[in-house]
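S.K.: Listed below are the residues making up each chain.
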Amino acid sequence: MRILPTVKQPTKKILDRKVGQKPGHLSVSADALPPRLFLVSFDDEYYETREFATYDELLQAFMGAPEARHWIDVRGYGNVSLLECMMKDFHIHPLQMEDVVNDYQRPKVEEEHNRLFIVSRMIAFTPQHELDDDQLSLFTGPNYVLTFQSDYEDCLDPLRERIKSGKGAIRKKPSMYLAYAMLDVVLDHYFPAMAQLGEYAEELEDCLFESPSKQLLSKILDLKREVVKIRRIIWPERDKINEILRMEENSVPHELKIYFKDMYDHAIQLIDLIDNYKETTSSLTDLYLSNVSNRMNEVMKVLTIISTIFIPLSFIVGLYGMNFSRENPKGGINPLNMPELYQPYGYVTLLGFMALVVSGMVYYFYRKGWLS
Amino acid sequence: MRILPTVKQPTKKILDRKVGQKPGHLSVSADALPPRLFLVSFDDEYYETREFATYDELLQAFMGAPEARHWIDVRGYGNVSLLECMMKDFHIHPLQMEDVVNDYQRPKVEEEHNRLFIVSRMIAFTPQHELDDDQLSLFTGPNYVLTFQSDYEDCLDPLRERIKSGKGAIRKKPSMYLAYAMLDVVLDHYFPAMAQLGEYAEELEDCLFESPSKQLLSKILDLKREVVKIRRIIWPERDKINEILRMEENSVPHELKIYFKDMYDHAIQLIDLIDNYKETTSSLTDLYLSNVSNRMNEVMKVLTIISTIFIPLSFIVGLYGMNFSRENPKGGINPLNMPELYQPYGYVTLLGFMALVVSGMVYYFYRKGWLS
Amino acid sequence: MRILPTVKQPTKKILDRKVGQKPGHLSVSADALPPRLFLVSFDDEYYETREFATYDELLQAFMGAPEARHWIDVRGYGNVSLLECMMKDFHIHPLQMEDVVNDYQRPKVEEEHNRLFIVSRMIAFTPQHELDDDQLSLFTGPNYVLTFQSDYEDCLDPLRERIKSGKGAIRKKPSMYLAYAMLDVVLDHYFPAMAQLGEYAEELEDCLFESPSKQLLSKILDLKREVVKIRRIIWPERDKINEILRMEENSVPHELKIYFKDMYDHAIQLIDLIDNYKETTSSLTDLYLSNVSNRMNEVMKVLTIISTIFIPLSFIVGLYGMNFSRENPKGGINPLNMPELYQPYGYVTLLGFMALVVSGMVYYFYRKGWLS
Amino acid sequence: MRILPTVKQPTKKILDRKVGQKPGHLSVSADALPPRLFLVSFDDEYYETREFATYDELLQAFMGAPEARHWIDVRGYGNVSLLECMMKDFHIHPLQMEDVVNDYQRPKVEEEHNRLFIVSRMIAFTPQHELDDDQLSLFTGPNYVLTFQSDYEDCLDPLRERIKSGKGAIRKKPSMYLAYAMLDVVLDHYFPAMAQLGEYAEELEDCLFESPSKQLLSKILDLKREVVKIRRIIWPERDKINEILRMEENSVPHELKIYFKDMYDHAIQLIDLIDNYKETTSSLTDLYLSNVSNRMNEVMKVLTIISTIFIPLSFIVGLYGMNFSRENPKGGINPLNMPELYQPYGYVTLLGFMALVVSGMVYYFYRKGWLS
Amino acid sequence: MRILPTVKQPTKKILDRKVGQKPGHLSVSADALPPRLFLVSFDDEYYETREFATYDELLQAFMGAPEARHWIDVRGYGNVSLLECMMKDFHIHPLQMEDVVNDYQRPKVEEEHNRLFIVSRMIAFTPQHELDDDQLSLFTGPNYVLTFQSDYEDCLDPLRERIKSGKGAIRKKPSMYLAYAMLDVVLDHYFPAMAQLGEYAEELEDCLFESPSKQLLSKILDLKREVVKIRRIIWPERDKINEILRMEENSVPHELKIYFKDMYDHAIQLIDLIDNYKETTSSLTDLYLSNVSNRMNEVMKVLTIISTIFIPLSFIVGLYGMNFSRENPKGGINPLNMPELYQPYGYVTLLGFMALVVSGMVYYFYRKGWLS
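Residue numbers (the numbering used here), protein chains in the order written: chain X, 1 to 372; chain E, 1 to 372; chain R, 1 to 372; chain U, 1 to 372; chain W, 1 to 372.
Simulated from the structure, these hints should not be mistaken for lab results. Errors might be hidden in some of the hints.
The list cannot tell twin chains apart, which means a pair is met if one copy fits it or any two copies do.
[To be verified] Lysine-lysine pairs mimicking DSS-like chemistry, simulated, CA-CA at most 30 Å apart: (1) Lys219 / Lys173; (2) Lys368 / Lys219; (3) Lys88 / Lys261; (4) Lys88 / Lys22; (5) Lys261 / Lys219.
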């Protein structure tokens, strides 16, 4: 049987919050990866992608091309002082940087001075075919998009390819369009995960009809849990896009609204799908429980048929196993004590009678429909 | 038993979206039909319907009669360059054209510069009496309505007939009325589908009372799934009409609002019907489960009656099958060892006693109401 | 057992809509009654009620008394040309007239140019004590109220009586008050129907405690369905009144608002009642299912008690029915083979032992509480 | 066992409404009590409480002290002409007076010309420890509060005491504060009723663990019904207070808003409590059903243990009760026919074997955990 | 097994409200602790924390440093006259002080003249590892925060530490920030409680798979109740923060909004967690019930297998225990009466036949899958 693709949720991380910490404190865990710094710079004609060893070099390159659009792409948080420098240079609020580092935030968007801070959850299959749930934190600026993520690997490569090849509008539109394109690619990755869930559900249903084992219910409930988890991510995702749709011209230019509307439609499709799965799992539970009770019924019928046929027969043969004495104590024969035993055709007649009883019973059960 | 009319939903297509594609990309599948181009032109007095071999001819005919109203009717998407020409000529946004081609969109309406883009789902019976779920994509313009659909066949023939015969207001009203008429015909086709579902539900209910087989629950759950599917299409349909109702005079003239209000009433009737079916299926599930447990009860009663009658009797006849010796080892008769066996009327008395026991039991069960 | 009063819903009619018909088409069925035309004219001092043979006479009478208030009361739709004349004379929109004729509309109100078109459902007992669900379609005008209904009989007689006798404010207030009074009388008729449902539910509950037969669940589910049906009529009824309450002075004079507020309270009371019934039916279902499982439990207990007592006893008597030979093949007596059978008090001792076993068992079951 | 405190709801009265009565008609039932008229007059320094034999005396006393605040307290409706006089003198709308007399209204507030008409339900224990559900109808005026109720007894005595003793702000604040104080006292009386319900629920839970009798489920469902009833009263109560909170300065002075806010908090606490009880009852239902099925399980286990042990033993002893003949018909001994019966240690060996079988079975059941 | 951390809710206190008390009355119970008065004063550079023996000293210290910010920290309510003095000095409304003393209020915020009154529930583990549910009542002022709580111990020590060490923005921001910091610390303490609940739920789930005892369901329902309780506290907590977020600049400075937004995100995370637990408990209930019915099924199967194998065998051996006489009463042998008993290989043949029957049965059960 296929393995259920499971989203590892950061519940543990959420529950392990240190109580009473000052807001905006950057508590980076010891095993966080050291940051790698990438800069993708482009305009209509020009394209360049570079990795920098130090933040200063990156800043210089970024500052040196104010007329281009830039994607500053930071992977790994393992350097608090770097993060603090960036907070100052890019005017990031400490609470927002805390949200970046505590990478278990719900999808959300915050707006201030026409700049957006957007949190998305990247649900994508790892090369090991497991589901990874990473956070993409995104800040928009007049001519740049600044992203943070915890791993070196992500699911944005198709986008990088598109920028490089200059396909589509991405090189011509304002930097907000780049942010849109990222969110869109992230959302696109939900569909294969959904497809996997769907196939798993179908396999469960097939199992249910073939060999309804005891473990099945627990598998159905696992699937349900997974569905609920993804539902909990997609709904705020939808709300986030809806909030972006209702923002003013200055924050999100009107010409881009239609793109976010399109993305909103995708989110709704995802919600439709996930609701479908939710109902499927509850149908499966119903079917499973009904199967269990059907099998109980069947067991009971076998027991009842066997008992009902043989218990009366056992009585009859017991009857003629009794030892009533034919000898009259006063001498002579006692003709009333079990005379059947002394008939020449007694045994044969009894066998025939019992055959009749059995036939009658079988016919009765047949009529009741218990034999099918 | 009748076959459940099943709406084939485009879940597969939705899940097979290519990840990371640029927005507005027209990915037409290889088996898409080559487009056929129809133009229906009419005004109060004049009516003409033509099919064109090339798009240029159609455009010429359309441009040549600016004072008439037109229905440009494109069936099949198998020609991307044609679609791109139309995008340019009719000012269609790439994302909207993408929605046209990816024909698994939810019902929706989009408005820009007083032009509407409306997506509807055509649920109609095929000649093979199966349910077809196609998409009708519709753009309104000042003097035309432009529609796209994937198949050559559709459910709009009654409307074509009405335009031809000049019945009703259709030849006199603005082109927005033509759009309304299309949506109305599409919505009308939901009713026969609902009627079918209703009959199927009634048949299931009859079955439930006649011979509640094991497969019934799975059929009930299938029906439920079908009901949920259609519900998922009708609700956004309702929202769509509601959105049209709240649009401004420039987009939807006030005099047409009453027509959309009428259509809204139809959508609500459909929702009432589908909610009815939803409750029916849940009643059916309850009835089915109660039937199963009633039958279990009946089986148990038969077992109990038979066992309760014969087990004590078997004990009695077993009792008199014991071999306690009457002969006193010291010689003489042992009068305490099973003297009943030596009574002249012992056997007959026992038979009578057993008949009494049976009668008592039967009376007890009768009083309990187990024999009915 | 009392019969459940059932509302015959026009589901069939809704589902039989002809697909693709032009909006506003009056499709009157062949068995529609020919219209009868009544005119009730009155003011503070004056009152007259007349039936007219032709529409022209009615129109003349109506036109001839412009200072009075009028109730034009049309019963039966079986004359399309008459309906078309009235549409023209009273400025009725074709779609509204279609709603009048297709008399399966949900309760609703439409307003245009300060004139209201109101649809109500008349739920009332027929003389045969069945529930009738007719449609009352009502148009208000400056000095008249125009009503349509399909049958010659209706539930408005108490109102006619009130107009005739001049009781209450009805002869002094504007014609909108007449419309209110009609709606109020119609709503009043829901209460007896609710009372019937309530009595039926109580009877079902009594049955459940007396003799829970198999058909009961299906009756409970029928009741539930009936409750849901009426709920579907009352909720839009409430919404309709609420909409009237929020209308402007010109459509509904402020002094009449308090009357509609009162009616709104009645609608809420009806909703409270129907919600009560809904919960009652779900309680009944719970009770029924618990009853079924209690009875199963009881059956099982009887079986278990009988089996548990007699199966060990049967073993014991079987034991002493064995034929182990006392005769040593080498001659003499084999003292180890069933010596109990040869004890002088063997049989009596065994009987005593068995009595002891039975007593022990009975005591055990008594302690378990299985004997109560 | 304690008796469930039951709110007698006026469902009967609601359902017995006479159909088609004119709105505002005062239909006082024959057994209504004759009104008693009380007047409480007070200001900062002055306090007087009087009962009047006639309405004219009361009116005179009331008119004679225009600078004081008054509580006109009418108990009993059995005098229609008196009610009609008051309608005229206090400008009460006929529909509101009808609501006063038909004392089964939901809690509500109506405002006109800055005067409030408030309906509350007084749920209080009678001296016989039953729950009484009376209606308190309250009209506010510039310097008075006018209340109506059907019984001579009510739950406002603590308030009368407070006015008399001059405790709190009641003698200094405007008359609207007096109205608030009444509503507050009425709401306070819900808490003891809730406490009773809570204790009843706890007792039910204890019963469930001790001796889960058949009647328990029906008691749990009764409790649920009671909880639902009170919920139906408290929710509109909350809405009523909320509506008062949102009224304008002229109707409810701003300085009093904080008092109503406090009352609103109490209503929310009541709703929290009642929701608690609702969940408790559904937990109880779950526990009851699980108990029933646990007991069934136990019964089944006893049956199975006994049957499984003795049925094989019975077979064995039956086996050696067979009468296969050792005598060869051709003379001599037939050594193959049941030679065990002729072994000297045959019987003892068999007993040992059977003991072994029993031990094995018991061990098996012990391992399965069926014996605990 | 771990003990479920239980929130002791003040239901008893709520239900014991004295009926009819005047609003704003301070009814302090006899066992209330005598107040201890603390003052924490600080600004950018300066920090001092003192406990005062009398209120006058505290007031003097507070008044003497108008340019600093202060946290007036009152623990224990056992002194009504002190509370009344504070009401006067700090302009606290009697109803609000009543809410402070009746410390079972839902989380809420009230605003008047740009001053906030905030009620929070402190859910924190006591040193005995039990969950304590205390109320923190908080008043904000221009340069102070005034808090009340019933116990000497609380969960704000981490905050005191932060003020003392001057970490973070707390010494530089306005006093409203201090209030925020308190609320934030209080909310932070919910997370460990949630973690405990989560571990308890996991342990329950493990138990369910190992040894599903009878008490388990009751434990699951206890957990559910606990989850519902905390849910009832967190939801109004969320609403409270939301209300603060929507307040005007004068009450909550704009620069602090982002902090409350952060807190709001935490509240949403808590709600997500608690909803997770809610679904977990309902899954557990499903699993438990399915386990119970699976075990019943297993019991039934054992019974059926044993019965079905041995009942027919018992019949057969009973058959050959019959005593049909071979002696013809007329002399000679009666060859038809049980000739099998006289065959030389009769017994062996029968044993073989019975072995065959058993094998057949076992094979049948194996095919049915009942033996696994």
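S.K.: For each hint, tell me whether it holds in the structure or not.
M.R.: Going down the list of hints, with the structure as the test:
no.	hint	verdict
1	Lys219 / Lys173	neither (47 Å within a copy, 53 Å between copies)
2	Lys368 / Lys219	between (36 Å within a copy, 23 Å between copies)
3	Lys88 / Lys261	between (34 Å within a copy, 21 Å between copies)
4	Lys88 / Lys22	within (19 Å within a copy, 34 Å between copies)
5	Lys261 / Lys219	neither (37 Å within a copy, 38 Å between copies)
Checked against the numbered hints given earlier, this structure breaks hints 1, 5; the rest are met.
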